[in-house]
Amino acid sequence: MDSLTIIAASSIIAAGLAIGLGAIGPGIGEGHALGRALNSLAQQPDEAGTITRTLFVGMAMVESTAIYAFVVTMILLFANPYWNYFLSKVGG
Amino acid sequence: MEITPDMAVYWRFGPAVLNRTIVLTWLVMVLLVGASWLVTRRMVAHGDILAGVRVPRWQTVLEATVLAALGQAREILNADAGRLMPFLTTLFLFIAVSNLVGSIPGFDAPTGSLSTTVALALCVFVLVPAHGIMRVGFRAYLRNYLQPTALMLPLNVFAELSRTMALAVRLFGNVMSGRMMGAILLVIAPLFVPVPMLALGLLLGMVQAYIFAVLAAVYIAAGIETESQH
Chain A
1 MDSLTIIAAS
11 SIIAAGLAIG
21 LGAIGPGIGE
31 GHALGRALNS
41 LAQQPDEAGT
51 ITRTLFVGMA
61 MVESTAIYAF
71 VVTMILLFAN
81 PYWNYFLSKV
91 GG
Chain B
1 MEITPDMAVY
11 WRFGPAVLNR
21 TIVLTWLVMV
31 LLVGASWLVT
41 RRMVAHGDIL
51 AGVRVPRWQT
61 VLEATVLAAL
71 GQAREILNAD
81 AGRLMPFLTT
91 LFLFIAVSNL
101 VGSIPGFDAP
111 TGSLSTTVAL
121 ALCVFVLVPA
131 HGIMRVGFRA
141 YLRNYLQPTA
151 LMLPLNVFAE
161 LSRTMALAVR
171 LFGNVMSGRM
181 MGAILLVIAP
191 LFVPVPMLAL
201 GLLLGMVQAY
211 IFAVLAAVYI
221 AAGIETESQH
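Chains as they are written, first to last, in the UniProt record's numbering: chain A, 1 to 92; chain B, 1 to 230.
Derived from the structure by calculation, the hints contain no laboratory data. Watch out, some of these pointers could steer you wrong.
What the hints assert, rightly or not - Restraint-style ranges between C-beta atoms, simulated for each label pair:
hint, chain 1, residue 1, chain 2, residue 2, range
1, A, R36, B, V9, 39 to 49 Å
2, A, I28, B, G52, 25 to 35 Å
3, A, A42, B, A64, 27 to 37 Å
4, A, S3, B, T90, 28 to 38 Å
5, B, A64, A, V90, 57 to 67 Å
6, A, Y82, B, A16, 44 to 54 Å
7, B, A119, A, D46, 38 to 48 Å
8, B, W26, A, S3, 40 to 50 Å
9, A, V90, B, T90, 18 to 28 Å
On a predicted model such as this, the values are computed, not experimentally measured, just so you know. Yeah, the Cβ is synthetic: ideal placement off N, Cα and C, and Gly gets one too.
Make the full structure from the sequences, and use the hints.
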């Protein structure tokens, strides 16, 4: 394998790992948060507004780690700096 | 595949570049300003309604929007709702309209570009200390960074920076991911499958706009709360 193939293959594998592992944690976390929020909503329907808003804000916080993983994946796949550097070296 | 609408350049003059993001941002601004101008041109006051004048349809929409925003701002910000609501509502409306524009085929959401979202997050980043200083004064605000001990100073400063970055990257990542999913689905299963994704995109766009505005409000409110404990 020449170095270009290694870079391409490792980028794709790393991208898959990044999005896969990066989705597990936030998925579990958001599930917990939603479960607790539904419990609270069932017990105190009067506080629906506050609970829903806090849930949204918290979920946005939890979600940001998944978004970081996604951005890294997209950079690895479509805007990989090493890949572009080697392409410019090889292609001239 | 283009990741951001920044990459589509229409016109270039030396270092000045006119790309898709700028054009679409101006389109959204024209849309918002034009709509506001049209709606507020012929407003009907409370007395006129009692006299039997019909309320224009769009004035009802405008009033409902403003009242809903004011209610949300009052819940989060308490006393400062009146002063900060225009900024937060503008943020919400701009992001919401941008995301809606992005759902139209042939258009992109200006919020799908990191430069736009960083600009929006920087507005919040500047407003948090500005509002804190206006409320409690310069020295009292700076002392806020030394809470609970002076050792926490670097961490407090870092928290301020990192949440600004998180605000920008979150919005960018969400809008960009929606766009990429649409593009990929269009390639592997054209015609009918992307339609539900577009519908979901409409909902997610509004949720993201709401989250951005609420997070900005929460950050600003958090800046005030720690000071009032003194």
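Hint check results:
1. At roughly 48 Å, the beta-carbon separation of A:R36 and B:V9 lies within the given 39 to 49 Å, and the hint holds.
2. A:I28 and B:G52 have their C-beta atoms about 59 Å apart, which leaves the hinted 25 to 35 Å range violated.
3. Checked against the hint of 27 to 37 Å, the pair A:A42 and B:A64 passes, with Cβ atoms roughly 29 Å apart.
4. Between A:S3 and B:T90, the C-beta spacing of about 50 Å breaks the proposed range 28 to 38 Å.
5. A C-beta distance of roughly 59 Å is found between B:A64 and A:V90, which places it inside the suggested range of 57 to 67 Å.
6. Look at A:Y82 against B:A16: about 31 Å separates their beta carbons, and that is not inside 44 to 54 Å.
7. Separated by about 39 Å at the C-beta atoms, B:A119 and A:D46 satisfy the suggested range of 38 to 48 Å.
8. The hint said 40 to 50 Å for the Cβ distance between B:W26 and A:S3, and at roughly 45 Å that hint holds.
9. Checked against the hint of 18 to 28 Å, the C-beta distance between A:V90 and B:T90 comes to roughly 49 Å, which is inconsistent with it.
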